[in-house]
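With chain A held as given, fit chain B onto it using these hints.
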Amino acid sequence: EADIYQTPRYLVIGTGKKITLECSQTMGHDKMYWYQQDPGMELHLIHYSYGVNSTEKGDLSSESTVSRIRTEHFPLTLESARPSHTSQYLCASSPGQGSYEQYFGPGTRLTVT
Amino acid sequence: GEDVEQSLFLSVREGDSSVINCTYTDSSSTYLYWYKQEPGAGLQLLTYIFSNMDMKQDQRLTVLLNKKDKHLSLCIADTQTGDSAIYFCAENEAGGYNKLIFGAGTRLAVHP
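Taken in order, these protein sequences are the chains called A and B.
Those letters in the first sequence? Residues 4 to 116, per the numbering used here, in order.
Those letters in the second sequence? Residues 5 to 116, per the numbering used here, in order.
One thing to keep in mind: the hints can contain errors.
Keeping only pairs whose Cα atoms sit at most 30 Å apart, straight-line, the calculated DSSO-like set for lysine-lysine is [said to hold, decoys possible]: (1) B:K60 <-> B:K72; (2) B:K71 <-> B:K60; (3) A:K20 <-> A:K60; (4) A:K60 <-> B:K74; (5) A:K60 <-> B:K60; (6) B:K40 <-> B:K74.
Partial chain A-side listing against chain B, Cβ under 10 Å, derived [said to hold, decoys possible]: (7) P11; (8) Y36; (9) E45; (10) L48; (11) Y53; (12) R73; (13) P86; (14) Y103; (15) Y106; (16) P109; (17) G110; (18) T114.
Don't read these hints as lab results, they were simulated from the structure.
Quick reminder that beta carbons are idealized off the backbone N, C-alpha and C, glycines included.
Just chain A, same shape as in the assembly:
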């Protein structure tokens, strides 16, 4: 069982607010990822990191930003939330070093009103 946590699980917030979605893992994984997923739909990679102080944009353009100051922590920030940001956000991590599988957190369901 992977130990990867996301908070909050659910968030309803008004347009224009700044929000940070938290993601932490206790497995010491170097590689971490953020995906955006509309209900019942495919996953879109929006950010990833291969270690401390490294972040890259994913395949889907996103107005969010990420940081990776500590190995275990990979928060995602939206400076000004809009209704188009309403979605589920999934965080994942991977051990790397020849092991490609990713372990997912439970997700944060964000609703912007």
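For chain B alone, kept in the frame of chain A given last:
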């Protein structure tokens, strides 16, 4: 670029076997994965297969890989109502970032 395709929906009767299919394009993929997602939850890694294997069995789950046709199947024996979920196929992308390419998911509905 790489692409992973799955049929979107499968309905089976409880107790029957389910077969979920997937095709991928990147022949250099080292591993192929099956994930399960229940409503409102994250993805759970079910099983994976190394690209030089043809088959892998894990209790009720059997993974079949046809590398020549780039075709992957997940077979669930004695399907139960608790197996109702969305199943995602994924391949690893070449490169050092452990990126996975996911299919759109197959929604499995199990009815009595």
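The hints, checked one at a time:
1. B:K60 <-> B:K72: Answer holds: K60 (chain B) to K72 (chain B) is near 17 Å, not above 30 Å.
2. B:K71 <-> B:K60: Holds, at about 14 Å.
3. A:K20 <-> A:K60: 22 Å, holds
4. A:K60 <-> B:K74: 28 Å, holds
5. A:K60 <-> B:K60: Distance of about 34 Å is beyond 30 Å: violated.
6. B:K40 <-> B:K74: Roughly 21 Å separates the two Cα atoms, so the pair holds.
7. P11: 13 Å, violated
8. Y36: 8 Å, holds
9. E45: Holds, about 4 Å.
10. L48: With a minimum Cβ separation of about 7 Å from chain B (threshold 10 Å), the hint on L48 (chain A) holds.
11. Y53: 6 Å, holds
12. R73: With a minimum Cβ separation of about 19 Å from chain B (threshold 10 Å), the hint on R73 (chain A) is violated.
13. P86: 20 Å, violated
14. Y103: At 4 Å from the nearest chain B Cβ, Y103 (chain A) passes the 10 Å test, so the hint holds.
15. Y106: Where the cut-off is 10 Å and the nearest Cβ of chain B is about 7 Å from Y106 (chain A), the hint holds.
16. P109: Holds, about 5 Å.
17. G110: G110 (chain A) check passes; min Cβ-Cβ to chain B is 5 Å, inside 10 Å.
18. T114: This interface hint is violated because 13 Å lies over the 10 Å limit.
Comparing the model with each numbered hint stated earlier shows that hints 5, 7, 12, 13, 18 do not hold.
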